[in-house]
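Take a look at the letters that make up each chain.
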Amino acid sequence: MADPRFFSLGGPFALNVLADIGGAKLHGDAHPDAMIEDVAPIDRAGPGQLTFLDNTKYLPEFEKSAAQACIVNPRFADRAPAGMSLLLADDPYKAYALIAQAFYPVLPTTGQISPAAHIDETATLGLQCDVSPGAVIGENARIAENCRIGPNSVIGLGVQIGEDTSIGAGCSLSHCIIGNRVTIHPGVRIGQDGFGFAIDPQGYVKVPQLGRVIIHDDVEIGANTTIDRGSGPDTVIGAGCWIDNLVQIAHNVTLGDGCVVVAQSGISGSTKVGNHVMIGGQAGLAGHLTIGAGAQIAGKCGVMRDVPAGAKIGGIPAQPLRDWHRQTVLLSRLVRDKGTSTDD
Amino acid sequence: MADPRFFSLGGPFALNVLADIGGAKLHGDAHPDAMIEDVAPIDRAGPGQLTFLDNTKYLPEFEKSAAQACIVNPRFADRAPAGMSLLLADDPYKAYALIAQAFYPVLPTTGQISPAAHIDETATLGLQCDVSPGAVIGENARIAENCRIGPNSVIGLGVQIGEDTSIGAGCSLSHCIIGNRVTIHPGVRIGQDGFGFAIDPQGYVKVPQLGRVIIHDDVEIGANTTIDRGSGPDTVIGAGCWIDNLVQIAHNVTLGDGCVVVAQSGISGSTKVGNHVMIGGQAGLAGHLTIGAGAQIAGKCGVMRDVPAGAKIGGIPAQPLRDWHRQTVLLSRLVRDKGTSTDD
Amino acid sequence: MADPRFFSLGGPFALNVLADIGGAKLHGDAHPDAMIEDVAPIDRAGPGQLTFLDNTKYLPEFEKSAAQACIVNPRFADRAPAGMSLLLADDPYKAYALIAQAFYPVLPTTGQISPAAHIDETATLGLQCDVSPGAVIGENARIAENCRIGPNSVIGLGVQIGEDTSIGAGCSLSHCIIGNRVTIHPGVRIGQDGFGFAIDPQGYVKVPQLGRVIIHDDVEIGANTTIDRGSGPDTVIGAGCWIDNLVQIAHNVTLGDGCVVVAQSGISGSTKVGNHVMIGGQAGLAGHLTIGAGAQIAGKCGVMRDVPAGAKIGGIPAQPLRDWHRQTVLLSRLVRDKGTSTDD
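Residue numbers (the working numbering), protein chains in the order written: chain A, 1 to 344; chain B, 1001 to 1344; chain C, 2001 to 2344.
These are computed hints drawn from the structure, not numbers from a lab. Be careful, since some hints might not be right.
[As the list claims (entries may be wrong)] Across the chosen pairs, the derived CB separations fall in these ranges:
id	chain 1	residue 1	chain 2	residue 2	range
1	A	Ala309	C	Arg2336	35 to 41 Å
2	C	Met2035	B	Leu1127	45 to 51 Å
3	B	Pro1004	A	Leu59	22 to 28 Å
4	B	Thr1124	C	Gly2310	19 to 25 Å
5	A	Asn55	B	Pro1320	40 to 46 Å
6	C	Ala2077	B	Ile1113	37 to 43 Å
7	B	Pro1320	C	Glu2145	53 to 59 Å
8	A	Gly111	B	Ala1082	36 to 42 Å
9	A	Asn140	B	Val1106	55 to 61 Å
Note that the Cβ used here is the ideal one computed from N, Cα and C, for glycine as well.
Let the sequences and hints guide you as you build the complete structure.
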C-alpha cells in the first residue's frame, strides 16, 4: 500500500463497484463481491490488491503477478496468471486512474488560514480556503472558494484565482488570472516580465511588458515551470492543458485546449499553439510560429517553421517524423558503408 | 489598455512629445498636438492609442489596424491605412519601448520595510528600500538605496547589492556581489555551490567552491535561472547582459558585456564568453571554451570548441551556420533521392 | 584568498601536513615545514599559497604561476617554474579537494532554531539542527541530528531526513525519505506529483501518484532541480549520486549508486539507470528504458532505446559515440565535396 505517512487510504470496495468506477467489465469467473483493499504496482501487488497492465513492456510482470485483480485490455486476458480476477477495459490506464482516485481521494480543504500567512487587508478569500504559513497574498488579490495556497507562495497584487485551485509551495504568481480546478506545482513562476528589449548601442532598452497570463480551467503546471506575461497581448494557456516540470513559456504564447507539454520544452514568444498539440520533452519552438491543432512534436525537436494541423514532426530542424527517421537510417548506412575511411 | 488591476497608466501625451521620447519623426499630416492616451497591440489598438510595427509578419495587421498612431519604419509608411498617424523610426521597437516606458513608468520604491521580513541586525539597508514579507536578509548583507527585495527572497550572509536593484519573489542569493540597476526575476538562484567534485573509488570528493558571483550593472536575469559561484575564480556576468528564464550558468563562467542568453540554454564551467555574444534558446556550451566577441550561437546548438569572434554557428556539434544549413538541405535531398529504399 | 565576507579560512598548514591530507608526495627540494596559508587559482596564487594543475589547457598558466606550491601530476613536474614547491599526485584535483576542505572546513551546525520558523508541534528535530527563518516543517516530519533547513524551505507532512543533511533556501520537499549527508541546493523540488494522466475525450484523467522519492546517502542535488515522486513504485536516487542544476527526474525513475547527472538533462518516467552512469548536460532519456551500469551518455544526447552497460553514446537519436563522430565527419565531408551545388 501507499506509505501511510503520506497517503490516506479509502475503501475497501467490491470488485463490481470498482468496475463501475473505472468503466470496466468483470471477466470470466471474477467474483463481483470480492473486496479489494488497495491498488499496487504490478510487481508488488498481492492478495486484496488491484493493479493494471498498460504498457506491453510489462507483460512478463503481468504473467507472474500475485495481484488479486488486474485491469487489462481484453486482448491480454488469456495471459493472466491463474486465480487473478480481471477487469477488462479498452484503456486500462484510465480505468486505473479513476479507481485509484477512489482509493486515494483528494482531501477537501479545511478552511484553515495560517496566522503565519501575510494577507493584505484588501485581498479577498472565498470560503473554505487553506492558506499555509509564509504565504503572501497581495493587494486586491481575489481568491475563490476551496483554494489551497501553499507555504511560502506569493500571490501578487490583483491576481485572481478561481475555485478549487491549488497552488503548491514556493510559487510566485503576478499579473495573472487563473481558472478553476487548476493545479500549480511547487516553484512555478507565472506572470513575470517576458524577455523583451530593444537593441541599442548604449545598452538594451527594456520594453514594458503590459499583458497578463490567462490560465483557463483544469490546467496542471509542473514544478519550476516559468510562464512569462504578455508584452501587450496576453500569454494564454487553454483549458485542460498539462504542462510538465521546467517548461518555459514566453510572452504572448497561446496554447489551445488540451495541449500536453513535456518537461524542459520551451515555446518562444508569440507562438500560437492549437488545440490538443503534444510537445515532447526538451523540444524547442521558435517565436511567432503557428502550430496547427493536433500536431505532435517529438522530444528534442527544434521547430523553426509553422506546423500544419495533425502533422507529426521531429529532428533539428523539424521535419516530418518519417523523413527524420529515414535520415537517421540513411546516415547510419552511409557510415557503415564507408567504413573506417571516414574516420581519419 | 493594460489591465488596471496590474498596471498604472500615465499620460496622456501629445504625439510630438511621444516622437521626442521615442526618437521618432512625425510623418505627413500627423498632427503634433493630437493626444495619445495609451499604447496597445497592433490588432487591438484603436482611437487614442499608439501601436508599432516591427516584425514584417504583422504587415497584414498593420494594413487594417484601427490604431490612431503607429511607429513604423519609413519603408512601410505607404502601407498604412488611411487616417493613421505615423511616427517614423529606424528601429520602431526601440521607439515603442521608450514610449511605453513613459506611459507605464516603473513606480519608485516606497521605503516600506515589512515587519514580517527577517533582517539580521548586522545587515545594512540604504534609504528608500522596499522589503517584502518573508524576505530574509542575512548577517552583514549590504543593500544600497532604492532596492526592492521581493517576498520570501533570501539574501545570504555578506551579500552586497547595488542601487536601484530589484530582486523578485522567492529568490536566493549567496556569495555574490550584485551591481546597480540589476533586475532579478522570481526563483533565481545565485551563488550556490558549483558542480565540483573529484572522482574517487570510495565516492566523489567535494571540491570547496571558494569563489563568488559578480553581477555587473544593468543586468536582467530571468525566472528560475541558476548561476553557481566560482570554484576559486569568480563567476562573472558583464554589464548589460540579458539572461532569460531557466538558464544554467556554471562555476567560473564569465560573460562579457551585453550578452544575450535565451531561455534554457546552459554554459558549462570555466567557459569565457566575450562581449555582445548572442546565445539562442536551449543551446549548450561545453566547459573551458572561449567564445569570441559578437559570436552568434543558434538555438539548440551544441558548442564543443572555441568560437571565433563574430562567428555564426549552429548545429550539434556546432559548425558555421552556413555549413549546418547546407547539411540540412543535403540530408533532405539524399533521403528524397533514395526514396523508399532507405525505409526498410 | 577567498572573500572573507563569505568564507572562513582555517590553517595555516605545513607542506608535509598538506601532502598527507591530500595523499600527495613532496617533490625534489620542497621543504616539508614550509607553511602554506591558503589555496588559490593557478593564475592568482602567490607566496604562501597552494594551487593545482588538473586540466592540461592550463599548462601555460602553470609554467608562469607565482604560487609557492602546486599539486601536479608527476609527468608535468619538470614544467614547473623555478622555486615552486610541488606536491605530486596521480589525481591532483582530488588532492586539491581534500586540502581545500582542510583550509575551508564546513562549519558545524549551531543548533539554532529560528523563532521565525514554522514547525508543526508533531514534527521532531534531532539534536543540533539549524532551522532558518521562514522554514516550514509539517506534521510528523522527522529530521535527524545536525541538519540544516534553509530559509523559506518547506518540509512537508511525514517527510524524513537523515543526519548531517543540508537543505538550501527556498526548497520544497514532500512525500520523500532523505538519507544522511545529503546536500540539497536552493529551489529544489522533491516529491510533487509526477506527470501522470490518462487520455480521455472529456479531458485528461489524473492518475494519483502514490509513490515516494527515496534519496540515499551522500547525494548532492543542484539548484532548481525537480524530482517527482513515484506513481506507485518509488522514485529512487542511489547513494553518492551527483545531480546538477535544473535537472528533471520523472516519476519511478531509479538511479543507481554514484551516477553523475549534468545540468538541464532529463530522465523520463520509469527509466532505470544503473550504477555509475554519467549523463551529460541537456541529455534526454525517454521513458521505460534500462541504462546499463557505467554507461556514458554525451551532452545533448537523445536516448530512445536501452543502453548496454559501459556503452558510450551520443547524438540524437543516440548511437555509439564513435558512429556519431563518424556521421559528423561524413556530413561535413559530403557538404564540402558537393560544394555550392547544395546551396540552391
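Now the hints, each set against the structure:
The beta-carbon spacing between A:Ala309 and C:Arg2336, approximately 39 Å, falls within the hinted interval of 35 to 41 Å. Range check, C:Met2035 to B:Leu1127: Cβ separation about 46 Å, and the 45 to 51 Å hint holds. Our hint of 22 to 28 Å for B:Pro1004 and A:Leu59 is violated, since their Cβ atoms are close to 60 Å apart. Taking 19 to 25 Å as the suggested C-beta distance range, the pair B:Thr1124 and C:Gly2310 does not conform, at roughly 56 Å.
Checked against the hint of 40 to 46 Å, the pair A:Asn55 and B:Pro1320 passes, with Cβ atoms roughly 43 Å apart. Range check, C:Ala2077 to B:Ile1113: Cβ separation about 58 Å, and the 37 to 43 Å hint is violated. In this structure, B:Pro1320 and C:Glu2145 meet the distance hint of 53 to 59 Å, their C-beta atoms being roughly 58 Å apart. Separated by about 60 Å at the C-beta atoms, A:Gly111 and B:Ala1082 break the suggested range of 36 to 42 Å.
Against the hinted window of 55 to 61 Å, the Cβ-Cβ separation of A:Asn140 and B:Val1106 comes to about 19 Å, which falls outside the hint.
In terms of the numbered hints stated before, the structure departs from hints 3, 4, 6, 8, 9, listed from lowest to highest.
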